[in-house]
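Asks: One letter stands for each residue in the lines below.
Protein chains: 2
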Amino acid sequence: MIYMDNAATFWPKPPSVIQAMTDYMTNIGANSGRSGHRLAIEAGRIVYETREAVAELFNISDPLRVVFCSNATEALNLAMRGFLQAGDGVITSSIEHNSVMRPLRALEKEGIEVTVVNCSSQGFLDPHDVQAAIKSNTKLIVLNHASNVVGSILPVAEVGKIARENDLVLLVDAAQTVGAYPIDAEAMNIDLLAFTGHKAMYGPQGTGGLYVREGIDLKPLKWGGTGSRSEEEYQPDFLPDKYESGTMNIVGLAGLGAGVRFVLSEDIDKIRENEKNLTRKLLNGLLNIEDITVYGGLDVDRQVGLVSFNIEGVSPSEVGFQLDEEYEIMCRVGLHCAPAAHKTIGTFPIGTVRLSLSHFTTEEEIGETIRAVVEIALNKG
Amino acid sequence: MIYMDNAATFWPKPPSVIQAMTDYMTNIGANSGRSGHRLAIEAGRIVYETREAVAELFNISDPLRVVFCSNATEALNLAMRGFLQAGDGVITSSIEHNSVMRPLRALEKEGIEVTVVNCSSQGFLDPHDVQAAIKSNTKLIVLNHASNVVGSILPVAEVGKIARENDLVLLVDAAQTVGAYPIDAEAMNIDLLAFTGHKAMYGPQGTGGLYVREGIDLKPLKWGGTGSRSEEEYQPDFLPDKYESGTMNIVGLAGLGAGVRFVLSEDIDKIRENEKNLTRKLLNGLLNIEDITVYGGLDVDRQVGLVSFNIEGVSPSEVGFQLDEEYEIMCRVGLHCAPAAHKTIGTFPIGTVRLSLSHFTTEEEIGETIRAVVEIALNKG
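Those protein sequence lines, which keep their order, are chains A and B.
Sequential numbering of the first sequence, starting at 22, is according to the working numbering.
Sequential numbering of the second sequence, starting at 22, is according to the working numbering.
Next up, chain A with everything else stripped away, as it sits in the complex (with noise of 0.2 Å):
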């Protein structure tokens, strides 16, 4: 089997995670922040050791300002919806995941003005086209950091230095880079970071986060139980907890820590080059191909480790149905929760081919992918 759908969720896990989360099942299990016993103390640090390596992969210098949450959707959400207040302006570009869109059209139905900025048709963004939307109730800049639909990275940088300059804050969903492609927040001007937990950072499904610059004040999603201020009937206002409320996801958290680690002594630098690698190797198998379409920049540089494309004649879901069924190769065909991203690249409503890989990913199962996309397209009809 060749697992081909590392965009959704990466698999399989290094060795480490899956036994840190057993380790903590097994041998620790209490609640963090509560009791005061040796477990739950135990539990406690495992849950800041994850703050601190993930402090550490976005270069920050503050371990609580890292805000855990179960998804990166419920970070965006926390993100957007804490921040945003009715009247109030937000930009965003036209190749952003429903994670963005979808929180930004119910906030468009309570008096927040949303401006789409168009992309180009291989999925890059012009930071100048950022520029020229700001109106004068414009307050924040949401993108994506790369596209899940073609892997074209956005200026993230350049449009971090037109938000300061502006004095707008800049939130960066980067579910498909953390983990796979160097970030450094303070650098970059990152206001406020969403994180995935299951994707490159090689952690578990129900974790993911919110990095939030000093300085900014979001409102809560959840109020609750923090284990702080049990005195008081009203949420503590420090970070982490005043977007922690009820008990953590400690054993993701294990698993977490231990991915992040990973991705921290493998070196990102090196992570990024791997697979910018397997991604052209890719690239030039599915170009060599007659009667198929590549979607996106085609350059390894600009581009994380997901591909899409379209076999001419065959639809996406038949495509990944053979894959699958023929071949045992798991991708993802379809729109990706990503609507707006496929009207940018021309492929709504039908959607497209999805192929992405991980650090584990090898040349061989590449070969293999690509043998199986020319069967299938020379078979066609």
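Some clues are possibly wrong.
Since the list gives no way to pick one copy over another, a pair counts as held whenever it fits inside one copy or between any two copies.
[Unchecked claim] The list that follows gives simulated cross-link-like pairs (lysine to aspartate or glutamate, DMTMM-like), each with its CA atoms no further than 20 Å apart:
#, residue 1, residue 2
1, LYS156, GLU179
2, LYS401, GLU131
3, LYS364, GLU254
4, LYS240, GLU131
5, LYS130, ASP258
6, LYS156, ASP262
7, LYS302, GLU385
8, LYS302, ASP322
Worth flagging that the hints you see were computed from the coordinates, not collected in a lab.
Position chain B against the provided structure of chain A, taking the given hints into account.
Replies: Here is chain B on its own, set in the frame of chain A:
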């Protein structure tokens, strides 16, 4: 080591729970409800089977009305914030956890009228007092099923009848009962049932959810990708997708499914009987110690498996410290995230020592715990 902190989180878990999580992480890994390949379908099956098991435990007919959340706190926020609108009134009790009180105090600032009905100093609620508190703007009643401070069971079915007669919606926080005490959501007229996965359902942390009775519409807490209606930038309006945005905690739900199946196979009446016997032994032992105050009704038929007490002249934190350091007994001390409950039973702001058990607690462990408390009480000062 003796773990008597189960009201915070149950531990140990049945081996089948850890096995289900490891199996998923090792052999499946994929995302549910998105891609169409075999691993994704297997992941979807795991999520659905967990939904079915939870529905069976609650005795509700439609598993799709079980919405998964990251914890009971999120479920309570979804229920309260999703249902109440400015001008509405809500009734709650004086013995609630901060997972209820903090969201309500925040809603109060947004124009919701909050009425708190007093419980007795033993932690019991008179349904007539709820009836008397109903006003013309009352829309919702929120009650915990059992107190996390004294274990008292609240008359949820009786209040459910009152709610039905008055066209009000009843939301129950079942964090301390689901899995340990029989619940029939339909027969008890529970409209919204918030549950946590990591306590008596024996699942891992990061799981929980909300049962939403048919006919009740809530505003989502989060918007985003659902894998359904991917062509739309607006949230799907059907359950559970409307409230389940973003990648789910599938590894957690694999564990939760195994946990609930453990409860169903052990038989919940047998579990309840066992915990009553253990609680009786614990209560009787503590009540025999001089200079000790045990809180609550002291009646196992009206109490779940947790007991709060104080030793005269020794602070709860000192008792907890000695239990941990000298006897390797894990408990929780302080306010247990429920200041209102401590005001009700007269232990604010110092709190109590709380001992809480599970189906795995043995009579020997109860005996050793009682002997330890006797020694601490004898040696004080």
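Asks: If a hint holds in the structure, say so; if it doesn't, say that too.
Replies: Going through the hints against the structure:
1. LYS156 to GLU179: within (18 Å within a copy, 56 Å between copies)
2. LYS401 to GLU131: neither (49 Å within a copy, 60 Å between copies)
3. LYS364 to GLU254: Classified as between: cross-chain Cα gap 12 Å, same-chain 47 Å, threshold 20 Å.
4. LYS240 to GLU131: Close inside one copy (16 Å) and across copies (13 Å); limit 20 Å.
5. LYS130 to ASP258: For LYS130 and ASP258, only the inter-copy Cα distance (16 Å) is at most 20 Å; the intra-copy one is 29 Å.
6. LYS156 to ASP262: Close neither inside one copy (34 Å) nor across copies (35 Å); limit 20 Å.
7. LYS302 to GLU385: within (10 Å within a copy, 64 Å between copies)
8. LYS302 to ASP322: within (13 Å within a copy, 68 Å between copies)
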